[in-house]
Amino acid sequence: MRMKEEHTKDHAALAEDFNQDEPRVNWHDETLWFIREKRDRAAFAIPDWELLRETASQIKFHTLSNLSQYLQQFEANAQANGMTVHWAADAQEHNQIVHSILQQHGVTQMVKSKSMLTEECHLNDYLEQQGLEVIDSDLGERIVQLAKEPPSHIVLPCIHLKKEEIGNIFHQHLGTEAGLSDPQILTETARQHLRETFLTRKAALTGVNFAIAETGEFVVCTNEGNADMGAHLADVHIASMGIEKLIPRRSDLGVFLRLLTRSATGQPITTYSSHFKKPRPGHELHLILVDNGRSVQLGREDFRNSLKCIRCGACMNTCPVYRRSGGHSYQSAVAGPIGSILAPNLDMKKHADLPFASTLCGSCSNVCPVKIDIHTQLYKWRQVIVKEGYADPKKAIGMKAMNLVLSSPNTFKLSGKAGRWFMKTVPFLVSNQMNPWYKQREMPQPPKESFGEWYRKNRPQHD
Amino acid sequence: MTVGLFIPCYVDQFYPNAAIATLELLEKAGVKVVYPQRQTCCGQPMANSGFEHLTKDCNELFVQNFAQFDYIVSPSGSCVLHIKDHLHSEKHEDQAQGIRGKVYELVEFLTDVVKVEKLTARFPHKVGLHQSCHGQRGLGLAQMSELVAPAFSKPEQLLSMVQDLELISLSRKDECCGFGGTFCVAEEAVSVKMGKDRVADHLQHQAEVITGADMSCLMHLEGILRRQKSNVKVMHIAEILNAQEG
Amino acid sequence: MTSRERILAAVAQNQPALTPLPLVPSFQLETPDLVEKFSQVAVNIGSWVLEVRDYEEIQEILLQDFKAHHRIISHVPEVSSFADATALEDPQRHLLENVDLAIIKGHFGVAENGACWVTEDLLGVRVVPFICQHLAIILPKHQMVPLMHDAYEKIGDAEYGYGVFIAGPSKTADIEQSLVLGAHGPRTLTVFLME
Chain Y
0 MRMKEEHTKD HAALAEDFNQ DEPRVNWHDE TLWFIREKRD RAAFAIPDWE
50 LLRETASQIK FHTLSNLSQY LQQFEANAQA NGMTVHWAAD AQEHNQIVHS
100 ILQQHGVTQM VKSKSMLTEE CHLNDYLEQQ GLEVIDSDLG ERIVQLAKEP
150 PSHIVLPCIH LKKEEIGNIF HQHLGTEAGL SDPQILTETA RQHLRETFLT
200 RKAALTGVNF AIAETGEFVV CTNEGNADMG AHLADVHIAS MGIEKLIPRR
250 SDLGVFLRLL TRSATGQPIT TYSSHFKKPR PGHELHLILV DNGRSVQLGR
300 EDFRNSLKCI RCGACMNTCP VYRRSGGHSY QSAVAGPIGS ILAPNLDMKK
350 HADLPFASTL CGSCSNVCPV KIDIHTQLYK WRQVIVKEGY ADPKKAIGMK
400 AMNLVLSSPN TFKLSGKAGR WFMKTVPFLV SNQMNPWYKQ REMPQPPKES
450 FGEWYRKNRP QHD
Chain D
0 MTVGLFIPCY VDQFYPNAAI ATLELLEKAG VKVVYPQRQT CCGQPMANSG
50 FEHLTKDCNE LFVQNFAQFD YIVSPSGSCV LHIKDHLHSE KHEDQAQGIR
100 GKVYELVEFL TDVVKVEKLT ARFPHKVGLH QSCHGQRGLG LAQMSELVAP
150 AFSKPEQLLS MVQDLELISL SRKDECCGFG GTFCVAEEAV SVKMGKDRVA
200 DHLQHQAEVI TGADMSCLMH LEGILRRQKS NVKVMHIAEI LNAQEG
Chain W
0 MTSRERILAA VAQNQPALTP LPLVPSFQLE TPDLVEKFSQ VAVNIGSWVL
50 EVRDYEEIQE ILLQDFKAHH RIISHVPEVS SFADATALED PQRHLLENVD
100 LAIIKGHFGV AENGACWVTE DLLGVRVVPF ICQHLAIILP KHQMVPLMHD
150 AYEKIGDAEY GYGVFIAGPS KTADIEQSLV LGAHGPRTLT VFLME
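Residue numbers (numbering that gives the first Met the number 0), protein chains in the order written: chain Y, 0 to 462; chain D, 0 to 245; chain W, 0 to 194.
Errors might be hidden in some of the hints.
[Claimed, not checked] With a cut-off of at most 20 angstroms between alpha-carbon atoms, the simulated EDC-like pairs for lysine to aspartate or glutamate come out as follows:
#1 K117/D to E107/D
#2 K147/Y to E175/W
#3 K277/Y to D156/W
#4 K399/Y to E59/D
#5 K386/Y to D56/D
#6 K172/D to E155/D
In short, the hints are calculated from the structure, not lab data.
Next comes chain Y alone, as it looks inside the complex (with noise of 0.2 angstroms):
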């Protein structure tokens, strides 16, 4: 059973059962902490990765500025190339297009490489719905697959199961032995799994990471060699991809190239990068460009340049939240504080709660290979939930209560003795067992006189 649409539990729901097994939290903390680090090692041996950072910024943002040339551009160029271009307004018209595709060529069965659209689209439900198969061929992929679960990290898919709960899965599934949960057995056994799923499949569909607008070519990154496979195998290869991943030119990709797999992982680049410009000669390369929603994030100025994200997963890593949380908890496609600028735009109401899932401590922003300025994008977003009316209504009657103590400072002076007010109004500090402050955490020990108090006693010439 895959992600559900509906909600029964916010972030902060999740996250707390998340954290009902502290040494677990703590693992799941030290291992995406252990690639935050990797990350720095990577980005302190370029003296100029800053600078890089800015070019990248530059020229995604002014692909952005000219998108709709750039489509066409592109659109012209992989045509002549010989791709064929689909366009998809929406999930359920994409979902169709592959649907339509492997139709025709009475395909029954496909292989797919990582694509967090698809995940976005729900694609595998949508399919097996319509009585297709489709086995996903990056490994973190087949295990959540397995599982029955979502990916719950966009570059390390199944970083929340253990090898142990791994190996039962494969036990399960693949037939190893119990008890095995040795990564190079494991990994061998799906090596071996799906070789023979890429040996049969007729058709594949990829990911995109990249799609360059003067060659018409697009750009595939992948450390097993999955998308190469399955493309290269199949008769059919369908590639899905967002109508933010242009760039303009083909020597952009050496900006790219150099940030992406640095900030993901610490690697100096994947192992493989994939160049599609043209499909093997009597052989079918479909191309399908998706909006869904991009193009209204694109008119939201102060949400746009999300749009800019290249999908490193690094703001993931750095995040404290998310690594104390769990990708589950953000029930999205794209978790963490990336996902969590970038749901609010395709359903509001579903993913009020994400923006408020941050401290805006900021670290994300300052790892962001394309200097997407995620935190502020967060508290922006938090001001556009609350005016569109999905807070909470009795967060809005103590916030409006709040205002008014203090906006006039009589009634805050007369709010009694240090300390006592504030005990009662801001939301932080009531003093109540029932209060989650309490729960964990002693309050503060209210002092014998305020500070104003104080200094009317102690420097009366100024009072």
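Starting from the known structure of chain Y, arrange chains D and W on it as the hints suggest.
Relative to the frame of chain Y, chains D and W by itself:
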């Protein structure tokens, strides 16, 4: 030069010693300080919760209280950042703009404006410095661990002037503590876990005192320390820079 | 109105005012010795790197591990003495399933990341460097560029149907971040740097 002392509401109510130390430090540096007594709150708790539109009255009050000063100084990076980024006034936008340009967090005011070169303070303890995010990443009080750029730290610069103080190192030198304003109750589980992890890092490195430029983070860490019945104390950096121990 | 028209209209309507396309600054690699840097990075990412004089030396090295019962294929005429050079066409690509070793040529290497640039014309069949159990790439030693920017400058507007940077053996760390070499593609990559 006259400085308007901006004391965050919760510091006024709960941590008067941090405010007193701030006042005394500024006075010792030869600065004339005035504390406008009609001040309440900068409005950040509302704004960060998505209710920035409700902060108009707080903003007007802030402008009334502080427009007249040459500088506005506060012992809180977070509140200062809020003013710098979000203070606006329908009636006196020119004054609001002026304030946004002359509001300083205490540490940066001492290092950048007063250019303090020595302190008379003595504090013979192992101290862990908590880098609060809004001060560090927002105001640039110290270099951020994510950026490939030369290291510096304004709080460390000042702490190094305190006699007999031993600054401990941390495994994660600028990880967020999880306070986050209303986040601390709205996302209680993660907030507490983040706080516990920060505390553990300081304890592992034998901190006797955890300090920082933001009392709100310290209040959160103190709540956890006290629940753990720890002897480790939190103190605002102003209290240490103003300390006359032993 | 087609989806294409609708998307393009919405994008044109919503895209911000045009900002300039920046010139990519001229980035430099600090290390002057490109071969040394390439070798060091390539070894770090799991490749074997060997400097060789000629094809005979390559044969000598490879035949230590690969014996008569192994299936070795190559498009490179100079190694046809020990590798099957039968011209392969795309329709027979599935027959490559049991290839133990594929030997291919690369155009050039990139010092900063240990990657080799390979295009379709060097492969014969696209799947060759992925489906084999082990891969060897022969690179001209003097064809080394410092950074990816230099790599794309060298590629220029070259025509190809398919091209790939290969950096190391196929790998995964999806299970608890434990690095395993040999995910779906080659278990090893040997790069021969030839004079």
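Hints, verified against the model:
no. : hint             : result
1   : K117/D to E107/D : holds (15 angstroms)
2   : K147/Y to E175/W : holds (19 angstroms)
3   : K277/Y to D156/W : holds (15 angstroms)
4   : K399/Y to E59/D  : holds (16 angstroms)
5   : K386/Y to D56/D  : holds (18 angstroms)
6   : K172/D to E155/D : holds (12 angstroms)
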